[in-house]
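Chains as they are written, first to last, in numbering that gives the first Met the number 0: chain D, 0 to 360; chain U, 0 to 360; chain G, 0 to 360; chain Z, 0 to 360.
Errors might be hidden in some of the hints.
Same chains, same names: a pair is fine if it fits in one copy or spans any two.
[Stated by the list, open to error] Pairs of lysine-lysine, DSBU-like flavour, derived with a Cα cap of 30 Å: (1) K280 <-> K148; (2) K198 <-> K212; (3) K61 <-> K285; (4) K354 <-> K49; (5) K50 <-> K198; (6) K212 <-> K148; (7) K25 <-> K349; (8) K314 <-> K3; (9) K148 <-> K285; (10) K354 <-> K118; (11) K148 <-> K214; (12) K3 <-> K50; (13) K314 <-> K198; (14) K198 <-> K214; (15) K325 <-> K349.
Quick caveat, the hints were computed from the structure, so don't treat them as lab data.
4 protein chains.
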Amino acid sequence: MANKGQVKIGIIGSQFQGLCHAEAIKGIPDAAEVVAVASPTPGNAEKLAKKYGIPRFFTDYKEMLAEDDIELVTIAAPNYLHAQMTVDIAHAGKHVLCEKPLCMTLEEADLMIETCRQKGVLLMYAEELLFTPKYVKAKQMADEGAFGKVYMVKQLEKHFGPHAEWFWDVERSGGGALMDLGCHGIAFCYWFFDRAPIKNVYCHMATHVHGDKTKGEDDAICIIEFEGARVGVIENSWGRRGGMEDRIEVYGEGGETYADLHMGNALPTYSEYGYGYAVEKAPSTKGWSWPVFEEFWNYGFPQEMRHFARCVRGKEEPLCTGEDGKVVMEAIYAGYESAGKGRKIDFPIKSHKVKKPIDLW
Amino acid sequence: MANKGQVKIGIIGSQFQGLCHAEAIKGIPDAAEVVAVASPTPGNAEKLAKKYGIPRFFTDYKEMLAEDDIELVTIAAPNYLHAQMTVDIAHAGKHVLCEKPLCMTLEEADLMIETCRQKGVLLMYAEELLFTPKYVKAKQMADEGAFGKVYMVKQLEKHFGPHAEWFWDVERSGGGALMDLGCHGIAFCYWFFDRAPIKNVYCHMATHVHGDKTKGEDDAICIIEFEGARVGVIENSWGRRGGMEDRIEVYGEGGETYADLHMGNALPTYSEYGYGYAVEKAPSTKGWSWPVFEEFWNYGFPQEMRHFARCVRGKEEPLCTGEDGKVVMEAIYAGYESAGKGRKIDFPIKSHKVKKPIDLW
Amino acid sequence: MANKGQVKIGIIGSQFQGLCHAEAIKGIPDAAEVVAVASPTPGNAEKLAKKYGIPRFFTDYKEMLAEDDIELVTIAAPNYLHAQMTVDIAHAGKHVLCEKPLCMTLEEADLMIETCRQKGVLLMYAEELLFTPKYVKAKQMADEGAFGKVYMVKQLEKHFGPHAEWFWDVERSGGGALMDLGCHGIAFCYWFFDRAPIKNVYCHMATHVHGDKTKGEDDAICIIEFEGARVGVIENSWGRRGGMEDRIEVYGEGGETYADLHMGNALPTYSEYGYGYAVEKAPSTKGWSWPVFEEFWNYGFPQEMRHFARCVRGKEEPLCTGEDGKVVMEAIYAGYESAGKGRKIDFPIKSHKVKKPIDLW
Amino acid sequence: MANKGQVKIGIIGSQFQGLCHAEAIKGIPDAAEVVAVASPTPGNAEKLAKKYGIPRFFTDYKEMLAEDDIELVTIAAPNYLHAQMTVDIAHAGKHVLCEKPLCMTLEEADLMIETCRQKGVLLMYAEELLFTPKYVKAKQMADEGAFGKVYMVKQLEKHFGPHAEWFWDVERSGGGALMDLGCHGIAFCYWFFDRAPIKNVYCHMATHVHGDKTKGEDDAICIIEFEGARVGVIENSWGRRGGMEDRIEVYGEGGETYADLHMGNALPTYSEYGYGYAVEKAPSTKGWSWPVFEEFWNYGFPQEMRHFARCVRGKEEPLCTGEDGKVVMEAIYAGYESAGKGRKIDFPIKSHKVKKPIDLW
């Protein structure tokens, strides 16, 4: 592979996350291009390929891995497949960009990390909140001393249920709202606190709205104590109507900041007739709505992709790695265990000999 | 006492809460009037009396209780004095309006309730959030079915420390942010959920900012499960700069609402020169600020006072009683115990044989 | 008439404004009570009377004027009737509270003022914005020097058309959005600038949306220069969907403030099922909406009524009089003339020998 | 010149606008690069060159025009120099990107347009609001029919005075707030209404705050009627404290939208200690502030530059040209004449035989 020019990328997956990858990479044509997509459902890969002008498509991702020119493969597949795919990609000598959450078990996480290390490929973990421009500004102000010692960071993400059907099925997803959304907030707090080690996790969970659809929790509140007397609070729900909500609060002894990616950025709009698109998961564009602009950019997807493409070229060091993803997994395991036992779970945690996080609830 | 006309009120206390009472009662001249004020610090009662045109003032509240015409006495004194004062007021045959939190121990709560019952006087508990107009609107919409089944109510109150010096001293206050501010949120959720019994309480506490001033926690997050699969989340801090913050979020399976008493009501204002007053605990009126208007009315103080005055006249039933205050105390005790043990505390709880809530932390 | 106790009030009108008066007076039971209501449409007065427990009702307001105990009569009738009604009320020896705008012509304004003067009754002009608590706070900060010299005040009121059918008919209303809504903003700026004389008026008008319903303009932008290098900008529309909008901006050389009575006070709310009431003229309570709380109080209606009741009792001087209403009328006349001629109209203005303001457009 | 690869750009100017150009181009490294900068003040060009790694710098822009590889020259110089520079650049066979406003007189505008036409180079007009992502979303919703017929567009830009000293001097700038800021809003409305011809312009102007510094107006309100019964309202001020304000309102018979680039996007922040940067022209980062994130991107500067670079490569047609800039100049002339005469000025307008717009005030 030539170590210059656009990074050639293959995508595994053709649903919402796969589309996100294709769209994000479309936004950085100078840095990367999607040259192939794989999806087991007949027709799906082809459909995405046509939409984005991707030249090659496959139903078996292993066939895609045989393509010589592909340098980086992104995993936008159900959680329970992440580990095996990562191993396969690494063995094909290609870099890995794995969607969140990293995998199903801590053993899988270790295997993924170790295999990539041995094969000399990068294992990058796709946490876009580390690239979300509005949140990056909050971090920057904090690092400039705006708030003195920051003692609490809150991140909240809520909507009315996952994009992909498979996420309702805990066998394939590993859990509910904490697994789907909490991984964002955990990674975010961990990053905001400069990777201070986690001391303990408490989590409250419930299934308020979607008990007919899932065995997973649809609401979770997670409180994490980090070394250095710092606290992360992460709130997640699949039970919030009206579209996506994603916001943070940062409190320090010297001040605070609030960043809201949706209501706090939107164009408050009334439309009698409706229009094209308001925001992720918005139920309607008629009446009052909260449309956002350049949604992908405001989440940080193209910025994230550019960063990872540059990492492949050796121009930057990965900001978010398999190791980070494993820490998030540990917090998720501790979260489910905590919700099951009604008490804080202290770190370090050990293997639980279960197949998925929610088994501890 | 004539059971008509303005209710004649005596206030015990001359600090912030005492002033709140005087100011609130000034706003309902048709329903009530302050005829006396008592405060042990020489000069303080007189000062408040002069400011509000209150005809009589005392350094010993027991002397005030001897005044025949007084029908209702409000307690705006340190927490550790509430119980004894209530007992004294009841023995004087006058109705009691006790500031939050109710007292120091559950035994005190029982004594207060029982004494007032025996003496045939009302024991009313001053939780103004039940009268805060913006929050009342949220409750009203919920009761009208706007959100279907409401599964979560959050209330947040934060600022940079208590008004009264004595609150830093846990011997006199009984605890920190949860005791000072959490009592509001607990009472609010309990009321919002129509007094559903509490199932359990989890609380996270820390002293982030004011460890030099207090042994109390200056930050608390409290998660309460109520019967009927409903959750209250209460966040409190004495470590938030920039003025008062008080807001709620209500989530139901059919929708949600957000109410912010400060940023969400204010007049965003820039002033090069400053002006009279912005908001409770605002550090400055220069530069950007968030002034509120009719702060007392927007908190609900005069509405609350009118209600209690009407209760004295038998025209309404107390919306908030000693029994409610005791439930709040139970949740506070459970909160400190939870923070001490790192686990949920199940209800019902029993006496802890301690002198104050924070002893359980 | 006894010059103490509640002021006894008769209302002329049973539509939206009449209801506003009844509701506002209900909010000040200690200061005033409605004892009679008159409306020519059979059944209407009775209906309002029943709703508010008003003991007497009439179809002929002149019969109501014969009631001895009535001290103050409010006019909530179509604009073209204001002058005659005022004269009749004054001749009956009762005080007058006239809704906005004051009347149809400047000659009528003079007659109203002069008649009330001769008969020794008050002619009060019902401009509630002078009592709107949030706007009063803006004025207060300005008076405290927050903004230094204030050089510009903007007031905007928009919705999707008047409450009363008769307002579409310019023969009865005298004009469109400027006549209906602009009178508020003109009075507000005039008051904010401490009744500085008007130097000139420019107005832009158009009928964008409701040309099928009215010959009046449904959109108006009015720029008024006041003595002392101060500018008022007033924007009004009957073409704004989605509910009521009412807000101000105040700019001084030393700062500025923004006050929004609706979006800036509301509880952003999503409801799948709908609920009782959101805000004046809101099209729906389903989906996203902007409900307000205590709408009447936040507009200042009860505060205004209390003030006028106290004026009747001689305890306060009217903050807003027939003379103020006449100044507003002059600005409205100048506005229509300006829109007709495409140029600024200088003050003082003289009589135009027309029957209503819009005749000059 | 090779018609591929990065477009090679020279910048004339080293103050705020010059820096904006350099910064914007830095954001599109795949599409363009700055290879030279010219500024007459000794040291200034060098300073900017060092900051951005620009290889060549000049004190005489004509020397820069002799550089063969330069394909596009941007003009970030005082307004009175725009025409001559454009002519010189065109004669050097290079494309022109001229900052707003286009020039000083309509004759100059004609000369610029004609010269570039004759020399076969592009004359592009740098109106970034056509690329501001949040505003583009508003336009997109409008074009999708969200608001039905749009009858009014408002654009407001205010701060406390221009970046460059020369703008206070009307001999070099041509005017005040309308010339500096109004050109944005005029271009924006013109674009939003799909270049509907202007029917007439009314403008109100005053010098409220900075009369000691400038003969230009520091406040302007401009009302423009476009063909098709559409109205643009543009408000500008150099007298607004507290940082930059830039927002739009769009009203149609079927709805409306609001977009605020500053308060409506910011992270409301309190800082006791201050931090790096809040927003353009913010007076302080201590206390409450309204920091924005990715300010350049949110204004649309890199997007605009990418577009113009692609136009140079023939991949896109210029969205904003000299002809557009001339229409803006006509509206500005009409605006000053209107403010001088106190009446609407009808289009088409003819030459005024003056040296600069403000001469008509």
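Hints and how they fare:
1. K280 <-> K148: Answer is between; shortest inter-copy Cα gap is 21 Å, intra-copy 36 Å.
2. K198 <-> K212: The answer is between: 26 Å across copies meets 30 Å, while 34 Å in one copy does not.
3. K61 <-> K285: Cα proximity of K61 and K285: none, with 45 Å in one copy and 49 Å across.
4. K354 <-> K49: So K354 and K49 fail the 30 Å test inside a copy (37 Å) and across (58 Å) alike.
5. K50 <-> K198: neither (46 Å within a copy, 44 Å between copies)
6. K212 <-> K148: Close across copies (17 Å), not inside one copy (43 Å); limit 30 Å.
7. K25 <-> K349: Cα proximity of K25 and K349: none, with 41 Å in one copy and 48 Å across.
8. K314 <-> K3: So K314 and K3 pass the 30 Å test inside a copy (11 Å) and across (25 Å) alike.
9. K148 <-> K285: between (44 Å within a copy, 16 Å between copies)
10. K354 <-> K118: within (26 Å within a copy, 63 Å between copies)
11. K148 <-> K214: The answer is between: 20 Å across copies meets 30 Å, while 40 Å in one copy does not.
12. K3 <-> K50: For K3 and K50, both the intra-copy (26 Å) and inter-copy (27 Å) Cα distances are at most 30 Å.
13. K314 <-> K198: Neither: 34 Å inside a copy, 55 Å across copies.
14. K198 <-> K214: Both: 29 Å inside a copy, 23 Å across copies.
15. K325 <-> K349: This pair counts as within: shortest intra-copy Cα distance 13 Å, inter-copy 42 Å.
Violated hints, in rising order: 3, 4, 5, 7, 13; the structure is consistent with all others.
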